[in-house]
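Protein sequence lines, in the order shown, are assigned to chains G and F. No gaps in the numbering here: position 501 of the first sequence is 501 in full-length UniProt numbering, and each next residue is one more. No gaps in the numbering here: position 198 of the second sequence is 198 in full-length UniProt numbering, and each next residue is one more.
Any given hint could be a false lead.
A pair holds if it fits inside one copy or across any two, identical chains being indistinguishable in the list.
[Unchecked claim] With a straight-line cut-off of 30 Å between C-alpha atoms, the simulated BS3-like cross-links for lysine-lysine are:
(1) Lys-642 / Lys-772
(2) Lys-764 / Lys-789
(3) Lys-603 / Lys-418
(4) Lys-412 / Lys-603
(5) Lys-99 / Lys-776
(6) Lys-84 / Lys-603
(7) Lys-737 / Lys-140
What the hints contain is simulated information worked out from the structure, not anything from laboratory work.
Number of protein chains: 2
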Amino acid sequence: MLHRQPVNLPQYTYPCCPWQLIEKQYTPHFLGQMETLYALSNGYIGMRGCFEEGDPVHHSGTFINGFYESWPIVYPEEAYGFAKVGQTMLHVPDSTIIKLYVDDEAFYLPTANLLHYERSLDMQIGTLNREIIWETPAGKQISIKSQRLVSFKHRHLAAISYEVTAINADAPIEIVSKIHYEPKGSGNRQSANYEDPRRTKEFAQRVLLPRMCSAEERRVILTHKTRSSELTLASGIDHTFASECPISINSECIADSGEVVFSVAAQAGVPIRLTKYMTYHTSSRASAQEMSTRSQRSLDRAVKKGFEDLTLSQRSYLDDFWARSDVQIESEPDVTSQAEAVQQAIRFSLFHVLQATSRADGLGLPAKGLTGRGYEGHYFWDTEIYVLPFLIYTNPRLAQNLMRFRYSLLDKARERAKAVSQTGALFPWRTINGEEASAYYAAGTAQYHINADIIFGMKKYVEITGDRAFLYREGAEMLIETARLWYDLGFFSDRENGQFCLHSVTGPDEYNTVVNNNLYTNVMAQENLRYAVSTLTDLQQSQPERFNDLAIKTGLELSEITDWHRAATQMYIPFDEKLGIHLQHDGFLDEQVWDFENTPEDKYPLLLHFHPLFIYRHQVVKQADLELAMFLLGNKFSLEQKRKNFDYYDALTTGDSSLSACIQSIVASEVGHLELATAYAFNAIVMDLRDLSGNSKDGCHIASMGGAWMSAVYGFGGLRDYDGEISFNPRLPKQLKCLHFSLAIREQLLSVEIQHDQVTYLLKEGSGLDLKHQNKKISLMAGSPVTAKLELAPSL
Amino acid sequence: MLHRQPVNLPQYTYPCCPWQLIEKQYTPHFLGQMETLYALSNGYIGMRGCFEEGDPVHHSGTFINGFYESWPIVYPEEAYGFAKVGQTMLHVPDSTIIKLYVDDEAFYLPTANLLHYERSLDMQIGTLNREIIWETPAGKQISIKSQRLVSFKHRHLAAISYEVTAINADAPIEIVSKIHYEPKGSGNRQSANYEDPRRTKEFAQRVLLPRMCSAEERRVILTHKTRSSELTLASGIDHTFASECPISINSECIADSGEVVFSVAAQAGVPIRLTKYMTYHTSSRASAQEMSTRSQRSLDRAVKKGFEDLTLSQRSYLDDFWARSDVQIESEPDVTSQAEAVQQAIRFSLFHVLQATSRADGLGLPAKGLTGRGYEGHYFWDTEIYVLPFLIYTNPRLAQNLMRFRYSLLDKARERAKAVSQTGALFPWRTINGEEASAYYAAGTAQYHINADIIFGMKKYVEITGDRAFLYREGAEMLIETARLWYDLGFFSDRENGQFCLHSVTGPDEYNTVVNNNLYTNVMAQENLRYAVSTLTDLQQSQPERFNDLAIKTGLELSEITDWHRAATQMYIPFDEKLGIHLQHDGFLDEQVWDFENTPEDKYPLLLHFHPLFIYRHQVVKQADLELAMFLLGNKFSLEQKRKNFDYYDALTTGDSSLSACIQSIVASEVGHLELATAYAFNAIVMDLRDLSGNSKDGCHIASMGGAWMSAVYGFGGLRDYDGEISFNPRLPKQLKCLHFSLAIREQLLSVEIQHDQVTYLLKEGSGLDLKHQNKKISLMAGSPVTAKLELAPSL
């Protein structure tokens, strides 16, 4: 159901430009949204797009991935096995602040007379730029140009180039470059202005405790330790300065703050160039002293290299990224400007996915990346189901890193399975440190499908990259423990002719919780069990020693593999003969259909306006659930079946989750509702640019951004990759003339260019690739494009 | 399933004596349990049975019914409509403390050389008595006799008579009589030593804030106000003193403490008699000053009347109570001592039910009465389903008070219905002030059956007492709003042939939550709807003006009554044709049967050892649910059906709730499992005396105590009162020779004496009563006993 049209941010805040996001005037009423959209990150350091002046600010924030505070979850009514340790991503000292004083007059945007204003995020260069001309009350015109980056190449480094010129007069200018931690209102679990329904709450006490700090010449380093999680943090700034004007420099620090003050006797027309280098280091083991030393080294290197070197490496990193990852569209002439906005939005999505994952290295992917503290910086299934496909096909190294991160949680997942009275391993529904942090089991722990989601992502990773080494080392162990969980959780039901049933689970759709035989969960678990069986069987034959080692390590018995095979084979798939549709879960059709007609627009999302029990007793779907199953495991459903299911369920789906529209678009596309598919895809693609969820202030919806790629490539591009076999059945919306993207497949590079009547496949690198085009096999050789005719399925 | 045998407290702690509970030696390892068992209360003031010395103590406590602190319930993950205001019954200043010093040596039980020790609760006199002879280290023998009561007649009054005699020598004796509030550890939501799974938690700040206090001569008055709920409390003590020995008296107070010190030059053999009067007053409106004045007046009156007057009125109150309420048993000779213990236990149960309700007046009945802070002093459905039947048949005035209390919550119940997205009224699952305080909706708010429970209790009250005035005034309004809730909650299901279904509800059994068509809920809701229809129809005919007033007040439309009738008539009753049994709820039989065989005894109660989701996906029942429906609405089931259902469900019922055994006993009795019924009844009757739940320290299980009466009268006595028609079909356990009880029925008094081969019915007061004895009609005239032959159904 498509009920929400793009509404919020007016178009003018980002006039279209395919590689940039440009703000042409200061717009205080979208402060929070712009901070999110303009956030820079490399997946380790994240900095919201706040002004250098530090003020006005909706919600400032610099974040370090995996840097969190833990706290005992207190339930008003507790029960056995409830998650015990909450985790919250923390603000760290803000190092971006550069305050400017001219004639002792502070530069303050809301009251400044601005002769010129432009901010832009440049997705090719990877910088956030601002150019301002400010006329002071005394009539002096001051040019302020800044360029900010968080380095993709240097994980611990960010930098700002800051250039001030007094255009038309001499003036005493003071530039105060700060690093500052604000215990109230930024380092705390703050409720202020959060719009997210599961909003981040306040800590009772300050969590970041100051340790040593130092200020020497142009360098300041602060160190902190978290109160409960006992993580150490060092944050530092250093500066280079270039100007022909006379200058004096002072620096100082105390506990939570440090600053370097540049006092310049500025001369008219002579630029003052300041470069600020910012570094962050965190550790769970190292001392404050050691972390401080690491910061010193990072800053030494940064200062030595200089800002230009940073921008060059940034550009080169992004050139490589876009070459592999860009999705290009060409529109029909009548919709050019709309298409340009879409082109911009697609790139904006991919850019933020890169920002969220690039240097996460051994860490996870927070739901909002590092652009805001929505969902407390937790890692969810978004990773494997919404973001991993894009990375697998464009940046397989990043995909592997995320898989390795999941593997690193396996021991904690084993503990968690025990805690919920099961064997095997149960990955946490939401977490930072690997411990389950979901405090509402109905829409948390009960989403056992997280296990199958992770395995699904891993399977796709292995099949598309061909990385069997990972499969046989880490993957196989994950398969054993996840399969165990499923086998232990389910049972062969006499009442269902001995079929294998999974009860009291929650699927992706959080408007139907703790149900029996959620179809998504059942088919995903089936896939998980099957993949465990086939992988272990292969491993036993191909590497018997490795198999034996693994069997010993995990206590695996051969009979377990037989059991899993039986469970997979006999998996129960709920189906309603009368309506001829699958059931989202056993009792779904027993419920009343939600009264959509009498639900006004402002009552969405429903979860903010109705008691859960009221929602649960209706046929209403928050987000793609059965539809998601039909996409991920589409080879288990006939096209006819998909059509029937889509027609029934899509009408019930409110899309109250940002994880929905992209999937609805793909399935709509497949079953022939091309206009609807286009509308859904547009929703997914502009989710944050148009603030469709109304909570972009809290951070970007990274899953929807990965989903934007999927709705282009899987949706309109018609890519399917069941069991690693590549096929295409594209369907181009009428607004588009051409859709182009590249895919890395088993170390080969495929370019796909789709037009309305034909598709051109080009293997740019590789030894040869077989694929199917509309069910016809095509064999590609490197360098030889193949153009195939596109038979259009009738649109419904 | 009967899996737990009486275990904990050894028999010797209460040698049998049918009217007393006697402790013959100081037993420190049962401190907590004895404090609970020896608690005194009149339903307004409750005092745990702690020693006068105030030490040693497991968990001291004086409570005032309805005196609570409120607090915002904080959820780690919140959702729309979750209960917002938590409420916790508070400790109030402890006024029972009397410290004794001889030769400046403190009397301290754990180290004292006791030549004699006896404590006893006397259920005929209504006092807690203690007699001790203490030999001091100096060899002086000191007799200490105390008698404590909480007055049934004077709601705000308690008293202690305290007599000390230096038997064999003169000695300086100091008696320090205190009143004291301990902010840490007693007034707070303490976790210390609580064994209840839903234990009371700590407040962050002290909640009882001291206001004015005064100490004059032998009187001390303290006043306090609660921080958040803003209730005012005055607690006061006063004393009379009688001795021929020289004495000096001093009193003082500060904030939370006051004391009166009696320094006596005691002479050998000359008794020192001190009487302490304690009074408590609470208000939500009055000032500390005003409350203090009220206390002064109460103490003035008490001192004037004297202790003897208090004991006389106490005795007379109890004489009347026992005449109406006693259940007497006579045993076969071979089991005399066991039978005596049962006789004692039955009386102990009835005594505590009286203590919990007697002077509650306009207040509710906490789950533990006022004997401990388990379940935070909340009022539950226990009131109507477990305690009300006893009160209706023996103390109808108390039953009416409880009904009036429920009516007083109606406006808040209307608000609550709105909060959970429904119309009508939804009574809170647990509350003190009328607001829902359940913070776990699955086993709280989802128990919508509370509405029907209240109406069920009200219907029984009206039918047995004949109080149609209440029905037509308060009752009818409650019926309208509860019927509305049901009609709004449910729907006519096309998939169930248009039958009326109730989805996403939780029945009494908290091991199966948020289910569809819980049979108990459906039949109870049906009864609620039917009673609404019949009452309103009667009212419209008999008192059209009153009906019109009510219709205007509630906005009632006649079509609603038609709707309710249709919903009741078409109510869906889940039944499994294959097994020929009713379903506890729609999917119950789809679950796996719990693996009882491999569940060791120490894994019960299951809720403390398994994750809720694990429990939910099994066929396992915490407490009588379908069985309870078969008891309360037994006329909706054939005997054959009850047998089949009982055989299936009783084997799955762990009895992990104290609300279970009594019901299981009654149904077991009805379907012919007389030995099992006897065992269950024994469990219900000695629940606290044998600490069967292991948490008697936290307070008595008042519901099980009311249930003890039901298992005697409804179970073995075979009473049924469907729609107010009285019938008997007794089944006496082989251990008993005779069972005797009295019932007040529509202002007549019926005595029933059951023997193995006959039953004698005697109408002691009244104009004539018709009843059925084993399906044969008997008409009784006052004063003319009728003896009927008892045909014994074969025991299974």
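Practice task
Give me the numbers of the hints this structure contradicts, sorted from smallest to largest.
Solution key: 5 and 7
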